[in-house]
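Turn these sequences into a full structure, and let the hints guide you.
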Amino acid sequence: MYRASDRVDNERWIELLDEACVSLDLDDETRSTAVDLFLSRAPDDERGKRVAAAASLYAAGLIRGDERSQSAVADAMDVSRLSVQKRWKPILEDAGFSPPSW
Numbered sequence: 001m002y003r004a005s006d007r008v009d010n011e012r013w014i015e016l017l018d019e020a021c022v023s024l025d026l027d028d029e030t031r032s033t034a035v036d037l038f039l040s041r042a043p044d045d046e047r048g049k050r051v052a053a054a055a056s057l058y059a060a061g062l063i064r065g066d067e068r069s070q071s072a073v074a075d076a077m078d079v080s081r082l083s084v085q086k087r088w089k090p091i092l093e094d095a096g097f098s099p100p101s102w
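Quick note on full-length UniProt numbering: the sequence shown kicks off at 1 and runs consecutively.
Check before you lean on any hint, since a few could be wrong.
[As the list claims (entries may be wrong)] Pairwise CB distance ranges (calculated):
#, residue 1, residue 2, range
1, D94, D28, 18 to 24 Å
2, D9, S32, 17 to 23 Å
3, S101, E19, 27 to 33 Å
4, S23, L82, 19 to 25 Å
What the hints contain is simulated information worked out from the structure, not anything from laboratory work.
Glycine included, each C-beta is placed from N, C-alpha and C at the ideal position.
Structure below.
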């Protein structure tokens, strides 16, 4: 859960998520889920926020059945694919989902 002020404090990263969703042609539900996941786990460290947002976007795609490849998400968010790969599973688990076993 997050506070309303978290949305204001992380407006820059929410805009980045919005832009990535447009470039990846993701639907509004996936975008909304990505924002919720990100705000629920947004790190305090500014350097880690871009990666957390990217991993949240990848996890949201899995949750909503609107998935894109880790590479595509990483490119849209300007992070490495390895960063997404290392961080999406805990986000999914914290949201109450079981990560796929593949």
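Is the distance from the Cβ of S101 to the Cβ of E19 consistent with 27 to 33 Å? Check passed, 32 Å falls within 27 to 33 Å.
Evaluate the given range 17 to 23 Å for the C-beta pair formed by D9 and S32. Holds: the Cβ-Cβ distance is about 18 Å, inside 17 to 23 Å.
D94 and D28, beta-carbon distance inside 18 to 24 Å? holds (23 Å)
For the hint 19 to 25 Å, verify it against the beta carbon of S23 and that of L82. holds (20 Å)
Taken one by one, the earlier hints all hold for this structure without exception.
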